[in-house]
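For the protein sequence lines, the chains are W and D, in the order given.
Using the working numbering, the letters of the first sequence map in sequence onto residues 1 to 310.
Using the working numbering, the letters of the second sequence map in sequence onto residues 311 to 620.
In short, the hints are calculated from the structure, not lab data.
Built from N, CA and C at the ideal position, the CB exists for glycine as well.
Wrong hints could be hidden among the right ones.
[Stated by the list, open to error] Computed list of chain W residues with no C-beta within reach of chain D, every gap over 10 Å:
(1) A24
(2) V31
(3) P109
[Unchecked claim] Rough simulated footprint, nothing fancy, chain W against chain D, three-plus residues with beta-carbon under 8 Å:
(4) 405-412
(5) 416-425
(6) 506-512
(7) 573-584
Listed below are the residues making up each chain.
2 protein chains.
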Amino acid sequence: MILTVTLNAALDLTYHVPRLTPHASHRVRQVTERPGGKGLNVARVLAALGFETAVTGFAGGDTGRELRALLAADAAGVTDALVEVSGNTRRTVGVVDESTGDTTQLNEPGPHVGTAEWDGFLDAYRELLHSGTKVVALCGSLPPGVPVGAYAELVREARTARTPVLLDTSGEPLRRGLAARPDLVKPNAHELAGITGTSEPLRAARAAQQRGARAVAASLGADGMLLVTQDGTWSAGVPERLAGNPTGAGDSAVAGLLSGLAEGLPWPDRLARAVALSAATVRSPVAGEFDEQTYARLLPSVKVQQVDTP
Amino acid sequence: MILTVTLNAALDLTYHVPRLTPHASHRVRQVTERPGGKGLNVARVLAALGFETAVTGFAGGDTGRELRALLAADAAGVTDALVEVSGNTRRTVGVVDESTGDTTQLNEPGPHVGTAEWDGFLDAYRELLHSGTKVVALCGSLPPGVPVGAYAELVREARTARTPVLLDTSGEPLRRGLAARPDLVKPNAHELAGITGTSEPLRAARAAQQRGARAVAASLGADGMLLVTQDGTWSAGVPERLAGNPTGAGDSAVAGLLSGLAEGLPWPDRLARAVALSAATVRSPVAGEFDEQTYARLLPSVKVQQVDTP
Numbered sequence: 001m002i003l004t005v006t007l008n009a010a011l012d013l014t015y016h017v018p019r020l021t022p023h024a025s026h027r028v029r030q031v032t033e034r035p036g037g038k039g040l041n042v043a044r045v046l047a048a049l050g051f052e053t054a055v056t057g058f059a060g061g062d063t064g065r066e067l068r069a070l071l072a073a074d075a076a077g078v079t080d081a082l083v084e085v086s087g088n089t090r091r092t093v094g095v096v097d098e099s100t101g102d103t104t105q106l107n108e109p110g111p112h113v114g115t116a117e118w119d120g121f122l123d124a125y126r127e128l129l130h131s132g133t134k135v136v137a138l139c140g141s142l143p144p145g146v147p148v149g150a151y152a153e154l155v156r157e158a159r160t161a162r163t164p165v166l167l168d169t170s171g172e173p174l175r176r177g178l179a180a181r182p183d184l185v186k187p188n189a190h191e192l193a194g195i196t197g198t199s200e201p202l203r204a205a206r207a208a209q210q211r212g213a214r215a216v217a218a219s220l221g222a223d224g225m226l227l228v229t230q231d232g233t234w235s236a237g238v239p240e241r242l243a244g245n246p247t248g249a250g251d252s253a254v255a256g257l258l259s260g261l262a263e264g265l266p267w268p269d270r271l272a273r274a275v276a277l278s279a280a281t282v283r284s285p286v287a288g289e290f291d292e293q294t295y296a297r298l299l300p301s302v303k304v305q306q307v308d309t310p
Numbered sequence: 311m312i313l314t315v316t317l318n319a320a321l322d323l324t325y326h327v328p329r330l331t332p333h334a335s336h337r338v339r340q341v342t343e344r345p346g347g348k349g350l351n352v353a354r355v356l357a358a359l360g361f362e363t364a365v366t367g368f369a370g371g372d373t374g375r376e377l378r379a380l381l382a383a384d385a386a387g388v389t390d391a392l393v394e395v396s397g398n399t400r401r402t403v404g405v406v407d408e409s410t411g412d413t414t415q416l417n418e419p420g421p422h423v424g425t426a427e428w429d430g431f432l433d434a435y436r437e438l439l440h441s442g443t444k445v446v447a448l449c450g451s452l453p454p455g456v457p458v459g460a461y462a463e464l465v466r467e468a469r470t471a472r473t474p475v476l477l478d479t480s481g482e483p484l485r486r487g488l489a490a491r492p493d494l495v496k497p498n499a500h501e502l503a504g505i506t507g508t509s510e511p512l513r514a515a516r517a518a519q520q521r522g523a524r525a526v527a528a529s530l531g532a533d534g535m536l537l538v539t540q541d542g543t544w545s546a547g548v549p550e551r552l553a554g555n556p557t558g559a560g561d562s563a564v565a566g567l568l569s570g571l572a573e574g575l576p577w578p579d580r581l582a583r584a585v586a587l588s589a590a591t592v593r594s595p596v597a598g599e600f601d602e603q604t605y606a607r608l609l610p611s612v613k614v615q616q617v618d619t620p
């Protein structure tokens with residue numbers, strides 16, 4: 001089983017309006033509701049690829065109930081191992097302006113998680129690590145109340161359980177998480193620059209590695225990905241320029257890396273999966289989902305190149 | 311008991327953001343949740359004034375459950391006589407830009423109401439009319455699936471039950487509702503112009519009266535209100551210019567008219583209540599609520615003037 005952790009899961013709402021005009025009133029033409037939060041997106045991609053996948057994190061209140069109902073109704077078949085919390089799961093609202101195709105995003109902060117709730121989660125997480133979890137991914141932002149060192153703690157627990165752990169977050173939670181020595185981190189160029197202070201991707205990825213990560217996979221948008229490991233450094237991209245919606249492309253990259261980790265594939269193969277899945281997500285008509293045909297077509301064409309160590 | 315009908319009730323969300331930038335991502339600083347929809351707003355004002363008040367209409371799904379929980383928790387003590395529907399109660403999202411104080415509104419369309427659900431509502435409504443309802447107000451837009459002549463039907467039922475009925479809606483539902491001869495309609499200047507084709511308020515109000523309403527109370531924003539009845543015509547306003555948020559001012563005006571109707575007050579007194587409540591809502595720091603002290607201060611100062619019939 002592959003486990004993903006989403007401490008600040010969300011009920012994702014997408015609103016379509018003919019045109020977004022600040023300070024005006026809009027009738028929303030179309031409403032879409034999805035279970036959201038990075039780890040849930042990663043899990044859905046993994047489940048669609050056929051991997052047995054479970055999600056944990058927090059869910060609470062009426063919005064939490066709605067999120068869990070949507071997850072249960074999803075044909076992909078992700079196992080719900082979310083932990084009940086007293087506050088309401090946050091909503092995110094994406095407003096799609098149909099005249100431009102652009103999205104304006106509004107993200108609620110999330111429920112306040114109490115100390116007892118955090119301790120309860122740690123117990124549930126340990127239990128999951130010891131009951132069939134092959135690899136685990138820790139994804140996204142922290143809800144209010146959760147200690148800023150939360151990911152460092154979850155990384156240490158995974159290492160104690162000898163479970164490979166991938167960390168995908170940003171800012172101070174990433175900085176602290178790195179020090180706990182995760183097997184892999186997947187920052188984007190912006191997040192990487194934020195914690196290392198350098199915007200040159202290769203130097204920044206090596207700096208992140210020196211801070212504790214055993215491997216660093218940096219997603220560079222249309223430029224593909226860069227992977228720095230103890231066994232070598234590789235870059236990869238797709239041979240064609242893809243137009244589309246980049247929402248969820250980073251989460252699909254995590255799913256690709258994680259599935260390769262679960263299957264014990266060599267690093268270049270993990271990277272190829274991540275790049276192909278990411279590109280197939282950009283091309284999908286539905287934001288955050290990947291196009292299976294595009295994935296199947298792109299995977300053999302991904303160019304993985306070894307980068308010489310200076 | 312005063313009854314208000316809200317066929318398209320809503321879970322009203324208010325998001326505060328430092329500044330709303332189209333096509334950017336925003337962290338919402340503060341989230342407020344309220345039971346919403348015109349009839350629910352009217353009912354809360356009436357309950358705060360001490361009137362025994364019930365609300366009916368539709369509520370469904372997780373959003374409907376959340377709305378009902380908020381209504382039950384409200385200290386004002388409105389009786390919940392909402393009818394269960396299979397679809398989800400709509401949300402409305404008001405995004406407050408803290409840099410300007412302006413609000414951008416996004417309104418979901420509402421659940422689809424099936425024929426059997428509409429028939430079920432009619433039964434519940436008839437039952438309420440015959441079990442202690444002194445006056446009834448029909449408020450707001452229609453959800454998808456409800457016949458466009460719905461308000462005309464509800465007006466006829468009220469007249470059959472000899473219950474005075476106020477109609478507050480717009481467009482085609484208002485046009486059809488007028489023909490069923492409601493006791494009072496409360497359009498704003500824009501809605502009035504929309505159905506009568508004339509923008510001069512007095513002529514438009516008389517035209518609406520000729521289309522079937524026994525009385526027409528037109529809300530004219532900062533210019534106060536105009537009331538055309540079979541007993542005479544009056545205009546009224548407050549002696550001071552009030553700055554503030556006009557959200558909910560129209561609903562408070564309905565509450566003022568309705569409470570005066572329930573108590574059998576003369577028309578000028580009903581109008582004075584409507585104008586004072588409306589102004590006290592503009593002055594309230596919380597959108598849609600009225601400031602009780604401002605109401606008590608303004609009520610005796612409202613100037614009601616008879617308008618000579620040409």
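Hints, verified against the model:
Interface exclusion of W/A24 from chain D breaks down, the closest Cβ pair being 7 Å apart, not more than 10 Å. The claim that W/V31 lies off the interface is violated: its Cβ sits roughly 5 Å from the closest Cβ of chain D, which falls inside the 10 Å cut-off. Distance to chain D contradicts W/P109 as a non-interface residue, since its nearest Cβ pair spans about 6 Å, not more than 10 Å. Here's how the stretch 405-412 of chain D fares: 4 of its residues keep a CB closer than 8 Å to some CB of chain W, so the rule of at least three is met and the hint holds.
Given a C-beta distance limit of less than 8 Å, the hint that chain W covers the stretch 416-425 of chain D holds, as 4 residues qualify and 3 suffice. Beta-carbon proximity to chain W at under 8 Å applies to 0 residues in the stretch 506-512 of chain D; the threshold of 3 is not reached and the given coverage is violated. With a threshold of 8 Å between beta carbons, the proposed coverage of the stretch 573-584 of chain D by chain W is violated, since 0 of its residues qualify and at least three are required.
The structure fails hints 1, 2, 3, 6, 7 (numbered hints given earlier, in ascending order).
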